[in-house]
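A.B. asks: Residue numbers (numbering that gives the first Met the number 0), protein chains in the order written: chain H, 0 to 269; chain L, 0 to 313; chain R, 0 to 380.
Any given hint might turn out to be false.
Distance condition first, Cα-Cα at most 25 Å in a straight line; then the derived SDA-like pairs of lysine to any residue [unchecked claim]:
{"id": "1", "chain 1": "R", "residue 1": "92", "chain 2": "H", "residue 2": "150"}
{"id": "2", "chain 1": "R", "residue 1": "92", "chain 2": "H", "residue 2": "205"}
{"id": "3", "chain 1": "L", "residue 1": "134", "chain 2": "H", "residue 2": "90"}
No lab work stands behind these hints: they were computed from the structure.
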Amino acid sequence: MIVVEIRKLFGRRRTWVSIFLLCLLPTVVAVFLSLTDIGPRPGEGPAFLSAVLSNGALYPAAALGIVLPIFLPIAVSIVAGESIAGEATTGTLRYLLVRPVGRTRLLVAKLSSITLFVLVAVFAVSITALVVGLNLLGSGPVVATTTVSGTPLSPSQLGIRTVLTILYVGWSMLGVASVAFFLSTLTDSPLAAALGGLSALVGSTVLVTLDAADNVRDYLPTRYWLAWVDFFRDPILWRDIERGFLVQGVYVVVLLGMAWANFTTRDVTS
Amino acid sequence: MITTHGLTKRFGRVLAVDSVDLDVREGDRYGFLGPNGSGKTTTVRMLLGLVYATRGEIEVLGEPIPKHVRDVLPEVGALVENPAAYPHLSARTNLTILDASGPPTDRASRRNRRQRVGEVLEQVGLASIGRRPVKTYSLGMRQRLGIASALLGRPRLLVLDEPTNGLDPQGIREIRELLVGLNRAGTTIFMSSHLLAEVEQLCTRVGVVDRGRLVAQAALTELRGETGRTLVRVGDPAGAVGLLDGRVVGRDGDRLVLAGTTVAEATARLVQARIAVHEAAPERRTLEDVVLGLTSHGSDRVDGDGHRTEQLQP
Amino acid sequence: MSVVGRGTRWRWAAVGIGVAAAIALPSVVPSAAMVLDRASQPAERPAPAALVELALASSDVAHQGLAQTRGSLGLPDLPRLSDVPALFGSTTKTRVWWSSSSAWRVDTLSLNGEVDTYGFNGDTARWDYENRELTFVVGQDGARLPRADDLLPPQAVRRILAGLGPADRLEPLEDRWVAGRAAAGLRVVPGDERTTVARLDIWIDVGSGLPVELHVVGRDGFEALESRFLQLDLTQPDEDLLLAPFPRDARVDRTTTPDLAAAVDLYAPWRLPGSLAGLSASRSLLGGTATYGEGLVRFALLPLAPDLADDILDRAVTAGALPLDPAGGEAVLVTSSVLNAVVARGSDREHAYLLAGFVTPETLEAAATELLADPPPRRRP
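Build out the structure end to end from the sequences listed, making use of the hints.
C.D. replies: The structure is reproduced here in structure tokens:
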């Protein structure tokens with residue numbers, strides 16, 4: 000069933016178009032950067048963009064930083080929102096269930112395909128960014144890569160930290176996915192589920208910046224999203240990353256629990 | 000094959016199905032007849048474990064539903080409301096995906112999947128459809144694909160909700176013949192319909208629902224019982240009327256409806272009077288009479304401004 | 000009885016219990032840990048005075064960790080104050096590696112980078128990632144503006160406690176769970192009316208004497224500054240971490256005057272009076288800048304270059320400062336909860352000063368009036 004779901008998702012042109020668009024944005028940014036050589040001013044713009052001007056090897060991380068706030072969540076939200084509600088809309092949900100596919104099983108299969116989509120998306124963005132970064136922007140040997148703390152970063156270290164960043168960003172995206180996924184079991188409209196997931200994200204982003212929401216800030220899903228920059232400090236600052244991982248994990252578990260509790264007991268009338 | 004006791008479903012304040020006791024036996028071609036909105040589809044969904052009953056018990060193939068729904072459904076083929084398929088994929092791919100999604104059984108294993116897909120497409124007349132995506136299909140073709148997917152698992156029980164929707168007369172006939180053939184080969188068929196003629200032509204047993212209640216359930220022949228009157232067609236209707244004065248309650252050309260007599264008595268007297276008898280039989284109720292006598296208007300009839308009177312059609 | 004009715008309830012109940020556990024865990028675990036940790040320490044807490052002694056002796060306690068400073072002082076964004084307004088007016092996260100007072104590193108973290116300060120034998124090196132700039136500050140022992148490391152609990156608390164006067168009252172406070180340890184609490188209530196600070200709440204790790212949390216509450220009841228460790232480890236940091244990096248593409252700068260205050264200190268042309276507004280100068284006057292008063296009643300006086308003073312005066316008024324009207328010149332008052340400042344300029348357009356400290360506006364105004372009324376003479380080189 001899991002294999003079938005994954006084939007279904009990756010057999011669609013739409014899936015590949017969204018991944019292509021995700022990769023397109025960092026590429027466009029890189030082209031502009033390489034043409035103009037103008038980086039964002041300190042304290043503004045996405046992280047690392049000034050650094051990648053002289054060193055393209057950091058670009059995968061920077062590219063993830065570019066797609067992380069909006070584009071990646073949108074793509075993930077749509078895929079996750081589509082999962083159950085999409086089947087309900089085409090009417091195929093009832094045929095899957097009477098095939099029979101156990102409801103829990105169906106959830107697991109859908110979730111696996113979403114997870115794989117998230118991973119493929121972040122890896123695709125990083126690999127595109129690496130290729131683009133090395134070719135269009137400065138490359139390694141001329142200027143040694145450094146951490147944010149200014150210490151030198153060997154290629155293997157850089158590789159490890161980039162992969163950790165990819166996994167962390169992927170895990171964060173799974174949080175968005177589970178919101179949309181839960182909503183997808185609640186409504187028969189894929190659009191509503193995707194937008195619901197995105198509004199949760201926007202709401203959380205607004206609250207994180209609000210001083211008045213100080214007491215709840217540390218429990219918001221997007222609170223630790225940008226903590227991936229901590230992978231590039233020397234030594235790595237694990238605290239926020241760990242917390243982000245845990246907070247996100249709690250959201251994922253709770254929302255998937257809710258999705259499960261709701262979907263396994265609800266009437267399928269679509 | 001299907002037994003329910005006091006099956007009830009309430010959606011909020013609406014009572015969709017109200018203590019229905021179904022009894023479908025092995026080998027039946029069971030017609031579940033009722034006007035639109037009378038709870039047919041909800042009942043079908045409950046039988047398949049899609050909708051959970053508010054009260055009551057369901058047994059399908061001897062197992063309780065929804066508790067053992069997973070053991071039962073591999074042996075059941077279903078068409079619920081409309082057929083549905085992934086519009087961007089072909090019929091063949093759709094069937095393959097659907098089959099791969101569920102558990103294999105002895106009769107429908109992974110190994111014979113390709114063969115089964117070919118078989119059912121052949122059965123419903125879609126064998127030469129090729130790789131066109133489903134979104135280019137006509138309504139009738141989709142209906143055929145829906146039936147094909149119900150047949151895919153070589154089920155012992157077929158649950159079909161309005162199986163002839165969208166088909167042309169030729170298609171209806173084909174499907175009817177297909178279903179009768181499957182039934183002869185041992186498949187029990189449970190179909191819901193609001194088309195009297197269809198049920199009358201296909202089914203051996205009938206259950207009639209009205210506003211969520213099962214108002215009748217019997218063998219078709221039993222429902223269409225004799226009225227106690229006699230129908231005769233004679234060569235000399237005027238003479239016959241004179242002869243059987245007082246017994247004739249209706250006349251249509253050379254056809255007479257007689258009351259208070261039997262076929263034997265009436266033919267004996269007519270023959271004695273040398274009036275030619277072309278036909279003589281006890282009068283039977285039509286299914287239409289039975290059903291219309293038992294049911295009210297369909298729930299989609301809106302009297303007043305918006306006149307929608309799609310009722311049971313003969 | 001429908002099978003599903005029951006199923007619905009237990010499934011949602013399971014989810015509900017999971018949510019409750021996830022919410023409760025972050026508060027239950029620390030409380031339990033605190034009870035356990037407190038049980039492993041001596042039952043009697045040291046007296047407040049003994050805690051002060053412990054804290055003052057902690058400048059060479061090796062530690063590493065993560066601290067958070069939250070300032071609520073809305074300082075106007077005046078020219079050349081570098082990151083002081085941000086430091087006192089927002090939340091700053093700082094990593095600390097402290098081997099001793101002569102070998103340490105403090106990183107101020109931001110979303111996209113960090114500014115790291117390395118201290119070694121009185122000199123400092125400052126690495127600014129986003130500007131890719133490495134600045135060595137050599138031989139600086141005069142005045143300077145506050146840096147992020149000054150607001151860390153140990154540094155800030157030691158500075159405050161070192162200046163305690165006899166009038167200031169000490170009270171014990173309940174223990175508090177700070178960065179994984181039960182810390183003993185201490186409250187300082189200033190005795191002098193001239194300070195804007197109503198009280199200081201301090202928590203100290205009894206084992207090492209290291210101050211771990213500080214709250215500064217103003218007379219208006221407003222918490223002006225909060226600084227505490229989020230993570231603390233009382234071990235010797237790795238020596239490699241205390242060496243400033245030397246990225247090849249960084250701009251390298253060497254200076255003795257890293258900020259406005261240091262520049263002023265060097266330039267400082269006036270021989271400042273020995274006392275102002277009834278407070279006597281408490282620091283060597285050699286540098287031409289001074290602090291007046293002691294303990295919590297203390298302010299700093301920086302002579303300004305006249306053009307800079309003009310600039311600040313102009314901007315301060317538009318930034319919401321209050322114009323004063325002293326004899327012999329003009330002045331504005333910038334107030335923000337506990338920290339007040341006065342910028343004054345004499346009518347001769349040569350004498351100009353910045354006075355700032357945790358003292359009442361009246362005290363600063365009095366000092367400024369005295370300065371303008373009796374301009375100090377020029378220093379001999």
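A.B. asks: Next step is simple, just say for each hint if it's right about the structure.
C.D. replies: Results for each hint:
Using a Cα cut-off of 25 Å, the hinted pair residue 92 of chain R and residue 150 of chain H holds, with the two alpha carbons roughly 20 Å apart. In summary, the hint linking residue 92 of chain R to residue 205 of chain H is supported, as the alpha carbons are separated by about 20 Å, within the 25 Å threshold. At most 25 Å may separate the alpha-carbon atoms for a hinted pair to count; residue 134 of chain L and residue 90 of chain H meet this at roughly 14 Å.
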